[in-house]
Amino acid sequence: MSEFLHMSGYAFYVFTAYAIGIASLLLNVWWARRNLTLAKESARRRLAMRDVAS
Amino acid sequence: MSWAWFHRFGSPPYFYRVAGILVPWFAWPAAILIFVGLTWGLVIAPPDRLQSDAYRIIFVHVPNSWLSLMSYSAMAIAAAVGLIWRIKVGHAVAAAIAPAGATFTAVSLLTGMLWGQPMWGTYWAWDPRIVFELIMLFFFLGYIALRNAIDDVSRADRSSAVLAIVGAVNVPIVHYSVIWWNSLHQAPSVLRVNGPSMPLAMLAPLLVSFLGFTCYFFAVMLVRARAEVLRRERGGDWIREAVAGST
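Protein sequence lines correspond, in order, to chains P and X. Residue numbering for the first sequence follows our numbering, beginning at 1 and increasing consecutively. Residue numbering for the second sequence follows our numbering, beginning at 55 and increasing consecutively.
It should be emphasised that the hints constitute simulated quantities derived from the structure, not laboratory data. A portion of the hints provided could be inaccurate.
[As the list claims (entries may be wrong)] Quick look at which bits of chain X chain P covers, simulated, 3 or more residues with Cβ under 8 Å:
#1 87-99
#2 111-125
#3 158-166
#4 290-298
Yeah, the Cβ is synthetic: ideal placement off N, Cα and C, and Gly gets one too.
Using the sequences and the hints, build the whole thing.
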């Protein structure tokens, strides 16, 4: 285990690279889902406004 | 060959619905393959003879780099489809790809820096491959900035599509930069004429990871493209149905 964490002395570089990679994957998923939720909300508002107008 | 499927995808309600069905079919394989690929690369794959464990950065760096090139190509093609055939879904797809593409490119550069420091002794080098990858990041960011700067969606679509298409010149330059110029960055070791030069124990997790990233790209792109399609629609009964349910 300690050998794994040591990464032959490259632990900082290897684990930081993996952390950045995984963080970006999660960020994009969250961001895309939020985007869709916001687009749905604004579409709902547009429809409601049109219903009121007509 | 019939082009009916192509025109069907150009219809926003059809695209919105089919994209919604497709998302989990890409998202789940993506989650599983990325988990397997990255764990395999980080824990199981043997250390490299020259680079020891530092080479494990490859399993994050290379899929992100490939995806950055693939995203840009896909964005330029989608933008061209939107511009030439005036298909709104084309622009929506292009706009949906840009943020993910920019992230892949940024991660490719950052992980490259983290690999460069222990192997080359520097985080940054003004090397052709690295510089053209950076230019690609600027094209992605420029595309996003241009879209945000123009309020009118159809004008934003047209202007940003031109930028996306112009920037596509950069894609083959990034790919061939290590072959055309004397570069600090190594030449391709997977996509090469004589076949991959990596041993299978290292190549297999890389390919699994790459496959996972590709599925991931489609899942994220489809979710965002659905949002873009919704934003472009002003009327239509299908919108009412689309936002009423959970899908």
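query: Going back to the hint list, which numbers does this structure go against?
result: none
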